[in-house]
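Asks: Mind assembling these two chains? They're in different frames, but the hints should get you there.
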Amino acid sequence: DAGVIQSPRHEVTEMGQEVTLRCKPISGHDYLFWYRQTMMRGLELLIYFNNNVPIDDSGMPEDRFSAKMPNASFSTLKIQPSEPRDSAVYFCASSQQGPTEQFFGPGTRLTVL
Amino acid sequence: GQSLEQPSEVTAVEGAIVQINCTYQTSGFYGLSWYQQHDGGAPTFLSYNALDGLEETGRFSSFLSRSDSYGYLLLQELQMKDSASYFCAPRQLTFGSGTQLTVLP
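Keeping their order, the protein sequence lines are chains A and B. Per our numbering, residue 1 is the first one in the first sequence, and the count goes up by one each step. Per our numbering, residue 1 is the first one in the second sequence, and the count goes up by one each step.
Isolated chain B (complex conformation) (with noise of 0.2 Å):
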């Protein structure tokens, strides 16, 4: 079968950093994709994971594991405005309900 699996809610405070971790399982699999949400917005990309490894952009990285099934977003210097749901969306799954982020003061 096939199915995703992300914490429902996360909180930090500002300036620390934060792991969200995503595990899947799935019979066809090409890359593990991250999304931000803020609340009355629309999804917006924020990176993929092909293969292996770590990619970074600017204060978020994200990580995979193609052999564990999984991959987590790593966000450093947590901003107030970093506050919003991240979904993990490997191809042709659907992006579920995401991991609720508050970064606190």
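Isolated chain A, as found in the complex (with noise of 0.2 Å):
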């Protein structure tokens, strides 16, 4: 299996822009976490869905954060208007058995200038 899948690697984008990170979770696991890491709040789970159904978004920092995942194999999570503190790596990670055991992605490195 190839793992999580996440695209792109790295993003550099302006204040204001809309930023759409990807994800494709282990064929098989139920379960798809986003968070985010930055050195002063260390790694936050966003948000987590089971069976492409979101179950708890309230990490989701404010309104302009939305995920979806239409299907099995997809999740993206959007940013909309941009911000210059929304700078910071952002994982997806899935699993077969809820947040006990989860397969994190290489990450996301976003750079909001």
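For the record, the hints were derived by calculation from the structure and aren't laboratory data. Here the structure is a predicted model, which is why all the values come from computation and not from measurement. Don't be surprised by glycine CBs; every beta carbon is placed ideally from N, CA and C. Just so you know, nobody snuck in bad clues.
Computed footprint of chain B on chain A; a stretch qualifies when at least three of its residues, placed anywhere within it, have a C-beta under 8 Å from a C-beta of chain B: (1) 34 to 47; (2) 92 to 101; (3) 104 to 113.
The calculated label-pair distances, taken between Cβ atoms and stated as ranges, are: (4) A/Pro61 to B/Glu9: 21 to 29 Å; (5) B/Glu14 to A/Glu62: 44 to 52 Å; (6) B/Thr44 to A/Asp30: 14 to 22 Å; (7) A/Glu101 to B/Tyr70: 15 to 23 Å; (8) A/Val53 to B/Gln2: 20 to 28 Å; (9) A/Glu14 to B/Lys81: 37 to 45 Å; (10) A/Ala2 to B/Phe29: 31 to 39 Å; (11) A/Pro84 to B/Leu104: 33 to 41 Å; (12) B/Tyr30 to A/Ser66: 22 to 30 Å; (13) B/Ile17 to A/Val53: 39 to 47 Å.
Replies: Rendered as structure tokens:
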């Protein structure tokens, strides 16, 4: 298996632009998680899905952030409009058994100028 | 409320044993997971404790006491490649900032 796939690996954009991050979970995994990691705040859970349904989005910082999972093999995290404080590494992870054993993708390093 | 505490940094020498403690407070608890993350890399799963006691996986062991809301990760025979950040993650909580382990020669 190729593992969790994320794209792009790096994204540099200007403030106010829309950013879309993509994730393909491991086949057969029913849970998908989006995280954000910064030096200041550590690794934060943004949202997670079970069987394509959002279960907990309490970590989504504000309305500028949205996530979708239209099918079992694809999810997006969108930021519109982006701000410099959104600069971080965004990880997607998937699992078979809930949050206990998650497999992380390589991450997307986002820089908002 | 909910909280999660780990030491921010730990330093040890190659071949030594180190223990990374984790205390948590949460309204719902389903087990304690541990992850390792090297600089520039993604977190990787190390272990999971659903019940009290010690779980051993090679050089790494993880312990949980649910009554004390406490767990630890024990790393034995430290190697240079063990230098990384280590996160404890009670279910339903964020990973926090983790513990940066530095292994010295």
